[in-house]
Amino acid sequence: MKAAEFEYFRPTTLDEACGLLADTGDDADRCLLAGGQTLVPMMAMRLARPTHLIDINRITELQGIRDLGGSVEIGAGTRQRAVEKDPITRRKLPLLAAALPHVGHHQTRNRGTVGGSIVLGDASAEIPLVALILNATLIIHRRDGRRETMADGFFEGPMMTALEPGDILTTIRFPVWDGTTGSAFHEVAPRKGDYALVSAGAQVALDANGTCIRAAIGVGGCAPTPLRLQAVEDALVGQRLTDALITQAIAPVPDLIDPESSVHASAAYRRRAAPQLVQRALLDALSEARP
Amino acid sequence: MIATIDIEFTVNGKPVRISVPPRMTLVDCLRDMLGLTGSHIGCEHGVCGACSVMLDEVPIRSCLMFAVQADGAAVTTVEGLEGPDGKLSPLQEAFWDCHAMQCGYCTPGMLVAAQGLLDENPDPTADEIREAISSNLCRCTGYQQIVEAIQLAAQRMNEGPDHA
Chain A
180 MKAAEFEYFR PTTLDEACGL LADTGDDADR CLLAGGQTLV PMMAMRLARP THLIDINRIT
240 ELQGIRDLGG SVEIGAGTRQ RAVEKDPITR RKLPLLAAAL PHVGHHQTRN RGTVGGSIVL
300 GDASAEIPLV ALILNATLII HRRDGRRETM ADGFFEGPMM TALEPGDILT TIRFPVWDGT
360 TGSAFHEVAP RKGDYALVSA GAQVALDANG TCIRAAIGVG GCAPTPLRLQ AVEDALVGQR
420 LTDALITQAI APVPDLIDPE SSVHASAAYR RRAAPQLVQR ALLDALSEAR P
Chain B
78 MIATIDIEFT VNGKPVRISV PPRMTLVDCL RDMLGLTGSH IGCEHGVCGA CSVMLDEVPI
138 RSCLMFAVQA DGAAVTTVEG LEGPDGKLSP LQEAFWDCHA MQCGYCTPGM LVAAQGLLDE
198 NPDPTADEIR EAISSNLCRC TGYQQIVEAI QLAAQRMNEG PDHA
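Protein chains in written order, with the numbering used here: chain A, 180 to 470; chain B, 78 to 241.
Possibly wrong hints are sitting among the right ones.
Pairwise CB distance ranges (calculated) [as the list claims (entries may be wrong)]: (1) A/225 / B/198: 56 to 66 Å; (2) A/180 / B/196: 44 to 54 Å; (3) A/392 / B/232: 46 to 56 Å; (4) B/174 / A/430: 29 to 39 Å; (5) B/159 / A/392: 50 to 60 Å.
For the chain A half of the interface with chain B, some residues (derived, Cβ under 8 Å), not all of them [what the hints assert, rightly or not]: (6) 187; (7) 220; (8) 228; (9) 285; (10) 367; (11) 372; (12) 466; (13) 467.
Because the hints were derived from the structure by calculation, they are not lab data. Backbone N, C-alpha and C fix where the C-beta goes; we use that ideal spot for every residue, glycine too.
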């Protein structure tokens, strides 16, 4: 299992990378190489055969975590393990901090990038789900410009996103919630580090009286894309959250999702697991929010 | 035919200059060009962990990286874990003492994964050890002796060289 031959490019600036990616004067298949934790095995199995591989690991503009107060910007090329270990993540993006230990293993997180996981858009991957739940802003560059798009709407289908040929995801801007908040992330996977069969994340904000003023909930592995559960959120906001109310709010979850069967788990199993994981995530988020 | 690319990096502290085809993985380069056959190739697609090496002091899978990407980096393979005098490291000693292997195929990757954990967390719990080696498959031991070996290594290293 060896990758097919390719030409290797290693730009050091974003402009250079955009130029290389946009150069479509021939029928070359150009592909960006970030952490490579999915692309390299796909190349080894010849499921991907780029003729031109553009290694973006040396572009410093794609690296780093910046605390902007009301939001945190993460360079798309930042290693997952670096984000996991950064105190800014734990302090300001607790949902992302809770999800990251579920992403692969130490060794793959030492190479894998936050942006790489988002552009792959796997419906059972944790980072796209967190980006969707928090509705992160995705900053995208290409040779002739820059645009921003929201995570809500970015994931279009199985491993399909709104990225166009020539686009490079450069930064993910996660909103930071003020006040009394709690968050939690749960999943079931056959083995630690495997892709989740079903995953669920929740973040809630409470006012001084303990009333839920904001809720964001989503599930992975339950549809062709990660899925936000708006109906569950609506049932919680404006209410004092009790165990009974949460049980009632999650009741429609099996009807809100569209899971497929795979060799690892049937659609029926996923329909049973999803509300349980949502409930667990909500209860944990709530107990974290309450002092 | 695509031209080879010249790269420079250090392997186990020694500088290396070499010319590699872009599609050559780091583990193939280490094994076939540098003769460092300690890093094993199991699955060749990032599942088994047998090819684990340290890249700039953190464990990674060397089958999921092209050698050309290691240009400028510092790589440590299992061969680099031993002391400068050729003595086994405390971790390797503990693997020996606990019989933390049977066929030995996963052992280099296990050692690198465990060393990566101990570098970052000198006193890990059994759960933290299991988490750190969850990336590495062993089909012989059932993992228990490997966990015990890593615990023993941590204990000896924390007690100081007199007890090693």
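- Query: Lying within 44 to 54 Å: is that true of the beta-carbon distance residue 180 of chain A to residue 196 of chain B?
  - Reply: At 31 Å between Cβs, range violated.
- Task: Given the hint of 56 to 66 Å, check if residue 225 of chain A and residue 198 of chain B actually sit that far apart at their C-beta atoms.
- Result: violated, 39 Å
- Message: Tell me if the interface restraint on residue 228 of chain A is satisfied: Cβ within less than 8 Å of some Cβ in chain B.
- Response: violated, 11 Å
- Message: Looking only at beta-carbon atoms, does the pair residue 159 of chain B, residue 392 of chain A fall within the given range of 50 to 60 Å?
- Response: holds, 59 Å
- Message: Hint validation: residue 285 of chain A versus chain B, beta carbon distance must be below 8 Å. Holds or violated?
- Response: holds, 6 Å
- Message: Is the interface hint satisfied for residue 367 of chain A? The criterion is a beta-carbon contact with chain B at less than 8 Å.
- Response: Violated: closest Cβ of chain B sits about 15 Å from residue 367 of chain A, beyond 8 Å.
- Message: Holds or violated: the 46 to 56 Å window for the beta-carbon distance between residue 392 of chain A and residue 232 of chain B?
- Response: holds, 49 Å
- Message: Holds or violated: the hint that residue 466 of chain A contacts chain B, with Cβ atoms closer than 8 Å.
- Response: Residue 466 of chain A check fails; min Cβ-Cβ to chain B is 22 Å, beyond 8 Å.
- Task: Could you check the hint for me, namely that residue 174 of chain B and residue 430 of chain A are 29 to 39 Å apart, CB to CB?
- Result: Between residue 174 of chain B and residue 430 of chain A, where Cβ atoms are some 56 Å apart, the hint is violated.
- Go through the hint on residue 467 of chain A and say holds or violated, using the shortest Cβ distance to chain B against 8 Å. violated, 21 Å
- Hint validity - residue 187 of chain A Cβ closer than 8 Å to any chain B Cβ: holds, 4 Å
- Hinted contact residue 372 of chain A with chain B - closest CB pair below 8 Å: holds, 5 Å
Comparing the model with each numbered hint stated earlier shows that hints 1, 2, 4, 8, 10, 12, 13 do not hold.
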